[in-house]
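Since chain A is already given, all that's left is putting chains B and C on it; use the hints.
Residue numbers (this note's numbering), protein chains in the order written: chain A, 1 to 321; chain B, 1001 to 1202; chain C, 2001 to 2355.
These are calculated hints, taken from the structure and not from any lab test.
Model, not experiment: these values are computed from the prediction.
Cβ atoms here follow ideal geometry from the backbone N, Cα and C, with glycine treated the same way.
Careful: at least some of the hints might be erroneous.
Computed beta-carbon distance windows for the label pairs [stated by the list, open to error]:
| no. | chain 1 | residue 1 | chain 2 | residue 2 | range |
| --- | --- | --- | --- | --- | --- |
| 1 | C | D2012 | B | T1156 | 29 to 37 Å |
| 2 | C | A2127 | A | T69 | 34 to 42 Å |
| 3 | B | T1156 | C | A2127 | 31 to 39 Å |
| 4 | B | E1005 | A | G201 | 53 to 61 Å |
| 5 | A | G81 | C | H2113 | 42 to 50 Å |
| 6 | B | S1009 | C | D2024 | 50 to 58 Å |
| 7 | C | T2139 | A | R30 | 49 to 57 Å |
| 8 | A | K162 | B | S1122 | 32 to 40 Å |
| 9 | A | R30 | C | D2105 | 22 to 30 Å |
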Amino acid sequence: MSAGTTKIGVTVTDIVPLNDLVTRFKFERRDGGLLPTFSGGAHTVVEMKAGGTTRLNPYSLMSDPADQTAYTISVRRDDEGRGGSLFMHRNVKIGDEMVISYPVNLFAMDLRARKHLMIAGGIGITPFMAQIKQLVATGGAFELHYACRNAALGTYADDLTKAHPAKVHVYFDDDKQAIDLEKLLDGQPLGTHLYVCGPKGMINWVRKTAEGLGWPEETVHYEEFLAPQSGKPFKVRLAQSDLEFEVGEHQSLLEAIEAAGVDAPYLCRGGACGQCETDVIEADGEILHRDHWLEDDEKRAGKKIMPCVSRLEGRIIVLDR
Amino acid sequence: MSTFEFPPSIISRPVYGTLAPRSGKHHLMIADGEGAEALFDLAAKDAALMARADIIYLPVEGDVSYAEKLRDIAPLNLYVGPSYSAAVPRLRRVLQSAHMGLQVYLAGTEGLIGQAMFEATSAGIPHNAIQTEHRGSVARRMQCVHCKGITENVMTDPFVCAHCGLHLFVRDHYSRRIAAYQGVCVDAEDPGNVPPAVRLYS
Amino acid sequence: MTIQFNEETFRDDYTFKNSQWAIDRFPLPFHEDSYMYSVNMEQHQGGPEGSIYEKRFDVDEHYIAEMKDRALVLADDPLRCQSLPHMTLAGWDLLELIMVSKSEDYPDMFELHRDGNKWHWINKPLAIDQKFVFMDEATLPYGPMEYITRQTQGDFAVLDQRDENLWMDAGMITTQADWSLDFDIGMNFFEWHAPVPKAHEMGIFKRALKFLLNIQQGVPARRLNWTMTVNPLLDTSPENYHKWGVQKTTLTPENVGQKQYLRVELQTFFRLPRSNGMVFPIRCYLIALEDLVTVPKWGRRLHRVIRDVPVELATYKGFIDNQPMIVDYLAKFDDGLPTSDGIWPEKATEPPLNM
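Just chain A, same shape as in the assembly (with noise of 0.2 Å):
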């Protein structure tokens, strides 16, 4: 299978539009089994059929992880993205059947900490709903720390207040509240490990500030959904299939390589697990890699590339597909 994962077909249950921005929705097994179980900080990718493109977007789980009943995602509205999300929010309905994957974690919680230290910024609150659950079902230490535009905007901020009122701390951008990072950060208990899910800015500090402040590596977790950004269109040639197309200028180049009805390998769609590497033929332009997996060295030799999210400025670039 061309997924490192299972499918599941869902209905969608029930749609709830938070604020102006985000839309909750929930999915339920159409044969009316159990969902699998998961670990905090899993996300699902979604399929969305729209016009002849199949697209596919990862979204972080945010229900209680012991709920096999329900999955809850959460989106947000982006009116410049590729539409992912405009698709979601204008065209799936309650009693549409849609089709998700399996659960797939790439934020996981380090389970020998003694203090989980949460940091999310707007839409990243998901994956710590359900981490949070988690780990009040197992015994957990967490604070959370949560910075968003409004109180409108502070998507499920009461909730979380109300539930955990000595854990999360929230923080409102228009009242010019702001995170004291360098405070928060220090004093810490050894053991502590970091987490931050929000903007590529927010993370860049965050992870910036833990470095200068001497947290191991190892102890500062994030997780980015790198959406695939457009670019200059190009040719592509796959050896193996004897296959040559265009990739479009809005179009990943693994998007070109399935919509050319080749069966290539995927999970993540954003750069951060592996799977999708492939091999560089030949390239006649320069390799954009927008990707959190090959090493610094395998980019520069340009013999490898992660067709999700990278692009080739240039002519054309011959695969090993």
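Below, chains B and C without anything else, positioned relative to chain A:
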């Protein structure tokens, strides 16, 4: 010079480095015997570091000359103890109330480095974040895989388990959790045929 | 299907015997007439009916006897089963995986009834009837990993996935081919494989790890590994090596067919969902050379493999001293005829021995 170049070996065999100054509010340094020289070298690279350094020093064979010199590099705190095992409760207490960002430096024999590293990793510091530098004796801590007893200061291969008396050959396979190399019965397949003991690394 | 369980021993008087059924389904680990390491992983999604691959956790005639032997090993050395504190959730994952799989795959022997967290497990062959609360350790006689692996054939290495690596942080290891859980617990994938010769330079472990890290729930994988053991001794642990090592010297040209065993490990690899860890079951199958050579293709093949195996491998696998005697014995069952690719016996199509 008390440095030794260990021959390259299997991937589970620890590899030691050279201590380098790191930025941070609190630095914990643990050394035994000639490991003090690595701390002198470190102080020479960054004297100001010592103002934020807690040193636990275990002299070997009562050699106190290093202890006096360590005072001269003006650490925030210097503790000179009679042995590593006597220092363990103190070390655990220090780690218990330490904070993220603590930098740990270990210098001296493999046994000291391995055991102190176990305390630090148990407290939550990833082992790759802990700096190590070997100085002094190359004797090994060996665990007998048969009786689980640890024999200290092993310098020959094979050697006799200090607990169950079996003759054990020295493997390079190393456990961070036990802070020791593995010793396995050398004459299991030909009982009584024990090869003559050879000095390690000769 | 009903299985006739053997009453047999894997120590002392060694009454272990394979029935014809067990011989016919034995997993020969060689698909060609020579052997070298490879990342020989494949999907673990069933196999030919009656084969060892068909079920998720294969149960055979040795089940009860193996569990009795395990209990003896643990009574003598409890350190063969250990779980670092953060691995309890993974232990529940494993318990769930085995109970669900076995009750579905062998409904005549195992039953699992679940009412929310109130579970009821029935293991007919071992006469176990246990009610307990899932995720509540206090309601089981042992921790979850120990509880269920005392009832399942094979060893179990339970791994935590962190920092792009796998860490052996728990396990039930009583039928191992000479490695120590007590020593290796806490090591990562490269470290616990450190003693294996040649494979590291070949990049085998780097490629294997990448594959394993991406294994997902519901899509397990498998591979075969092998070594040789004198006598059908399951507990070939380093802990007891000073007791069993000397058995290697009891091999003679007259008894090599009876006493020399090929020992094959079916290694499977499952993702554990609640903990995001993994479990590596290592299922051990033993066959005496004299039984193996009753299959003409296998006799021909094994002779060629053992004759040509590299010195480092024969040394690491512990049979270097007996290798000449083994090769001499097997030579009697190799008529030089070609063998077909693949591990299956092909009794219908492979020609009988023509010596």
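Quick rundown of the hints versus the structure:
1. Between C/D2012 and B/T1156 the Cβ separation comes to about 36 Å, which falls inside the hinted range of 29 to 37 Å.
2. The hinted range of 34 to 42 Å is satisfied by C/A2127 and A/T69, whose Cβ atoms lie roughly 35 Å apart.
3. Between B/T1156 and C/A2127 the Cβ separation comes to about 53 Å, which falls outside the hinted range of 31 to 39 Å.
4. The hint said 53 to 61 Å for the Cβ distance between B/E1005 and A/G201, and at roughly 46 Å that hint is violated.
5. A/G81 and C/H2113 have their C-beta atoms about 48 Å apart, which keeps the hinted 42 to 50 Å range intact.
6. With their beta carbons about 45 Å apart, B/S1009 and C/D2024 fall outside the hinted range of 50 to 58 Å.
7. Between C/T2139 and A/R30, the C-beta spacing of about 35 Å breaks the proposed range 49 to 57 Å.
8. Taking 32 to 40 Å as the suggested C-beta distance range, the pair A/K162 and B/S1122 conforms, at roughly 37 Å.
9. Look at A/R30 against C/D2105: about 25 Å separates their beta carbons, and that is inside 22 to 30 Å.
Comparing the model with each earlier hint shows violations of hints 3, 4, 6, 7; every other hint is respected.
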